[in-house]
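Here the protein sequences come in this chain order: A and B.
For the first sequence, this note's numbering begins at 94 and goes up steadily by one.
For the second sequence, this note's numbering begins at 94 and goes up steadily by one.
Where hints are given, some of them may not hold.
Same chains, same names: a pair is fine if it fits in one copy or spans any two.
List of simulated lysine to aspartate or glutamate pairs, DMTMM-like, C-alpha gap at most 25 Å [to be verified]: (1) Lys115 <-> Asp142; (2) Lys273 <-> Glu283; (3) Lys138 <-> Asp293; (4) Lys95 <-> Glu162; (5) Lys311 <-> Glu182; (6) Lys132 <-> Glu162; (7) Lys132 <-> Asp155; (8) Lys115 <-> Asp270; (9) Lys172 <-> Glu256; (10) Lys277 <-> Asp142; (11) Lys311 <-> Glu290; (12) Lys138 <-> Glu290; (13) Lys279 <-> Glu307; (14) Lys279 <-> Asp293; (15) Lys279 <-> Glu121.
Honestly, the hints are just simulated from the structure, not real lab data.
It should be emphasised that the depicted structure is a prediction, and the values quoted were computed from it without experimental measurement.
Protein chains: 2
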Amino acid sequence: MKVAVLLSGGLDSSTCLAQAVKTHGSEEVFALSIQYGQKHQREIKSAGDIARRYGVALKFLDLSGIFAESQSALLSHSKNDIVHASYSEQLNELGGSGTVSTYVPFRNGLMLSAAAACAQSLGASEVWYGAHRDDAAGRAYPDCTPEFVAAMNTAIYEGTGHEVRLHAPFINMNKADIVKLGLKLKVPYELTWSCYEGGDRPCGQCGTCIDRLEAFHKNGVRDPLETPEEV
Amino acid sequence: MKVAVLLSGGLDSSTCLAQAVKTHGSEEVFALSIQYGQKHQREIKSAGDIARRYGVALKFLDLSGIFAESQSALLSHSKNDIVHASYSEQLNELGGSGTVSTYVPFRNGLMLSAAAACAQSLGASEVWYGAHRDDAAGRAYPDCTPEFVAAMNTAIYEGTGHEVRLHAPFINMNKADIVKLGLKLKVPYELTWSCYEGGDRPCGQCGTCIDRLEAFHKNGVRDPLETPEEV
Chain A
94 MKVAVLLSGG LDSSTCLAQA VKTHGSEEVF ALSIQYGQKH QREIKSAGDI
144 ARRYGVALKF LDLSGIFAES QSALLSHSKN DIVHASYSEQ LNELGGSGTV
194 STYVPFRNGL MLSAAAACAQ SLGASEVWYG AHRDDAAGRA YPDCTPEFVA
244 AMNTAIYEGT GHEVRLHAPF INMNKADIVK LGLKLKVPYE LTWSCYEGGD
294 RPCGQCGTCI DRLEAFHKNG VRDPLETPEE V
Chain B
94 MKVAVLLSGG LDSSTCLAQA VKTHGSEEVF ALSIQYGQKH QREIKSAGDI
144 ARRYGVALKF LDLSGIFAES QSALLSHSKN DIVHASYSEQ LNELGGSGTV
194 STYVPFRNGL MLSAAAACAQ SLGASEVWYG AHRDDAAGRA YPDCTPEFVA
244 AMNTAIYEGT GHEVRLHAPF INMNKADIVK LGLKLKVPYE LTWSCYEGGD
294 RPCGQCGTCI DRLEAFHKNG VRDPLETPEE V
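The following block holds chain A by itself, in its conformation from the complex (with noise of 0.2 Å):
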């Protein structure tokens, strides 16, 4: 069975890939880069080292003139800076639950749709993406949550004439969970990005690197992108 997976380049999207190959074997998965207007290329790059060493054709789509219009701080054109704050510090900021300022409209959505319309091109029966408790939480990210999930499956498996459907194999578990399991599957992590500043060295400050250092201690171990002085 032939499988897509959206890849960022970061944590949780090439774990997802390594449990994708696993599972159905390098053969049968192709990964998915999607350029939406971000600040920076580096995760774009992560993308392109991840996918090569699991031996998995990589496409590339740019659906950055969609987000033309949008303010978040995740975009280049944005005039927001990236909050330096961990994510509960930001949904405590905004009462308990909201989006963040690194939500960008819709953009999950719009990247499942362009993922399950190449899948169903090549012959793909199911779209692999990697969303995750921690993003849900609060509705942060409110295209990460189950409900989302639960629904954008139905429209995928509907809209294509039930030949594709979504897969988010880590729905349940939060980023600790996962680096667990990519550990196990030894993912290449010194070759991801996930900081939202697009440094030499991740910025260790921002919500995504908060998240990612705290989800490597929790497992005891070091990330191989942690400089020293941060240890």
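On the provided structure of chain A, position chain B as indicated by the hints.
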């Protein structure tokens, strides 16, 4: 309330735009015209003419890269020709149900996701879309069925953090019902384009031409695009 309308330039979406303008006023409505690699540009021109006539802003998106691998007969790079037969004949050929050769993989899912992303970026609360019962029949176009539309509505509502909804006002109507409504709304059907071929005049022989002619005839009027020879 601001709304986005998917506008192909055909009969259904032009009537949908007319209804949206009647409900919300032209100031509150913007149209989205999407290039997805279709065989001709004739309908894109019609979308522009219709948007101008209704005095609504028109946003143009190019999603054609996503369908590079599809062999749908509707796409310019496809080796497959447009079938000259009615949809009911095409469904009979398929044994009663199945996707027709002009189905483009998850095209409507992708267009609706792009529309939802734009809508949320621009502060619009609804995406209007002219899917109807005839296109859904026998799952000829599975991305027009009520099951797909309901799931996509939930996906958009959940994925945008409850900010955007999908509105498909014609989901329980057939094409003749839409023409009936459009005649009442005085839609300038002479500006629209439905034919899958890109000639100077509609071919009168593709599925959508046959459906369109029949929808006008059922209302006891002539299609303004109909040539005298076809009467």
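Against the structure, the hints:
1. Lys115 <-> Asp142: Within one copy, since 18 Å is at most 25 Å while 52 Å is not.
2. Lys273 <-> Glu283: Classified as within: same-chain Cα gap 15 Å, cross-chain 62 Å, threshold 25 Å.
3. Lys138 <-> Asp293: Within one copy only: 13 Å inside, 47 Å across.
4. Lys95 <-> Glu162: The answer is between: 15 Å across copies meets 25 Å, while 35 Å in one copy does not.
5. Lys311 <-> Glu182: within (19 Å within a copy, 62 Å between copies)
6. Lys132 <-> Glu162: For lysine 132 and glutamate 162, only the intra-copy Cα distance (15 Å) is at most 25 Å; the inter-copy one is 29 Å.
7. Lys132 <-> Asp155: Result: close both inside a copy and across copies, 14 Å intra and 21 Å inter.
8. Lys115 <-> Asp270: Result: close within a single copy only, 17 Å intra versus 52 Å inter.
9. Lys172 <-> Glu256: between (41 Å within a copy, 22 Å between copies)
10. Lys277 <-> Asp142: Within one copy only: 20 Å inside a chain, 59 Å across chains, cut-off 25 Å.
11. Lys311 <-> Glu290: Intra 24 Å, inter 60 Å, cutoff 25 Å: intra-copy only.
12. Lys138 <-> Glu290: This pair counts as within: shortest intra-copy Cα distance 14 Å, inter-copy 41 Å.
13. Lys279 <-> Glu307: The answer is within: 19 Å in one copy meets 25 Å, while 62 Å across copies does not.
14. Lys279 <-> Asp293: within (24 Å within a copy, 60 Å between copies)
15. Lys279 <-> Glu121: within (20 Å within a copy, 53 Å between copies)
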